[in-house]
Amino acid sequence: MSKFNKKKDAALPAVNTASLPDIVFMLLFFFMTVTVMKDSTLKVENVLPNATEIKKLEKKDRVIYIYVGKPTREYEKVFGTESKIQLNDKFADASEVGDYILMERAKKPQELQNVLTTALKVDKEANMGIISDIKQELRKVNALKVNYTTYEGDAFRNLQ
Amino acid sequence: MPKRGAPPEVNAGSMADIAFLLLIFFLVTTTIETDAGLDRMLPPIEPPDTDVIIKQKNIFQVSINRDGQLLADEELTNIKDLRAKAIAFLDNGGAPSGSADYCSYCKGKRDASSSDSPAKAIISLKNDRETKYGTYITVQNELVGAYNDLRNREAQRLFKKDFTDMEAEYLNPETPDNVRDELKEKVKRIQDLFPQKLSEAETSSN
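For the protein sequence lines, the chains are X and D, in the order given.
Residue numbers for the first sequence follow the numbering used here, so the first one is 205 and each next one is one higher.
Residue numbers for the second sequence follow the numbering used here, so the first one is 2 and each next one is one higher.
Mixed in with the good hints there might be a few duds.
[Unchecked claim] Below 30 Å or equal to it, Euclidean Cα-Cα: the simulated DSSO-like pairs (lysine-lysine) are:
1) D/189 x X/344
2) D/127 x X/349
3) X/349 x D/86
The hints are simulated quantities; they were obtained by calculation from the structure and are not laboratory data.
Input sequences plus hints: build the corresponding full structure.
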C-alpha cells in the first residue's frame, strides 16, 4: 500500500501558463483584424427613422456615407439649429455633395467604381428640402443607387 | 576580459497582462454591425429621348404635405391605409382579357378606370420641402411594402417561398454560386411580374 501513499504529500503542481500569452495574442490579432474604427465623428444629431422593408448593406467598401441632421449642442452656437449635411468630418453645403461623391469614387478601386451605393443617414426630424437637394446633386454625378439607412422597427413610430 | 555568465532571462510574466490590455481595448472598440435601409434607385438626370404618354389611370399619385398629411389618388388618406390602396391599384389588372396588357395573375377588382396591368402601373411620389424625413420614409416603406406583399404572393404561388427571403439569399455574399444562379432567374421572374415603378418627382416648394 505504501506505493500509493507516497505521492500524497507532494504539493499540487502549478498549471503551466506559458502558452497563455500565445492564446491571448491570437485573440488580439483576431479582433485587430476585424475592427473597423469609426471613421468620422458625428457632428450632427442622427436618430434614424424605422422601417420594415429593409435590405442589408453588405459590403462596407462599396458605400459612401452622407450624414444629415441638426448640429449637436456644441456646434449649435456656430452653425445654428437648421439641418446640415456632414461629409467626412466637415459640415458642407448641398452643392458640395457632387464633388465629394466624385472624390470618394476616385479613391475606390476601379472595379468597384460602378457599383457604389450612397448611404443617406438622415435624422428623422430633417426636412425633405435638404434631401431633395442632395438627391439632385447625386443625379448630376450619376450616383443613382441610394440607401436610406434606417433602423429595423415599426415604420409608424416615425410619425409621432 | 572578465568572464560573463549567460545573459539573464527577460521576465515575460507580464506579457499576458499587456496582451490582455490590448485585447480588451480592441474588444471594446469593435463594432460588428451592418447597416440596413431602404434601397432606391434615383432616376437619371437626362430626360428620356422620346416622350412616353402615360394614361392618367395608370398613375397613382401620392403627395405628402408639410404637416405629414397624405393625398393618395386625390383622396385624403391615412398612412395606415396606404399599403392596401397601393396594392389594390397595382393588382387591379383592368385591361380586358384578350388584350396585350391582360394580367392573368392579378387578383384585383379589374376596374377599367384603374391601372391596366402591374407592368403599366406607376406610383408617383411627391413631397413638400418641409415634409419631415420620418414621414417620407414611412410612406416609402409602405409603398415598397405593397410591392413586396404582391411579390411574396406570386413567389408563394410559383415557388412556395417568400420573395423577400429569396432576394435576401440571392444578395447574401455567402450563398454558393450555383444556388445564386438558380435564384437569380426566379427573382428576375417575380420582379418582372410586378416591376417596381416608383417615380419621385422633384419636390414642390409651396
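Distance restraint between residue 189 of chain D and residue 344 of chain X, which requires alpha-carbon spacing of 30 Å or less:
29 Å, holds
Taken at face value, is the distance from the CA of residue 349 of chain X to the CA of residue 127 of chain D at most 30 Å?
Holds, at roughly 19 Å.
Mind checking the alpha carbons of residue 349 of chain X and residue 86 of chain D for me, to see if they're no more than 30 Å apart?
27 Å, holds
The structure fails none of the hints (numbered hints given earlier).
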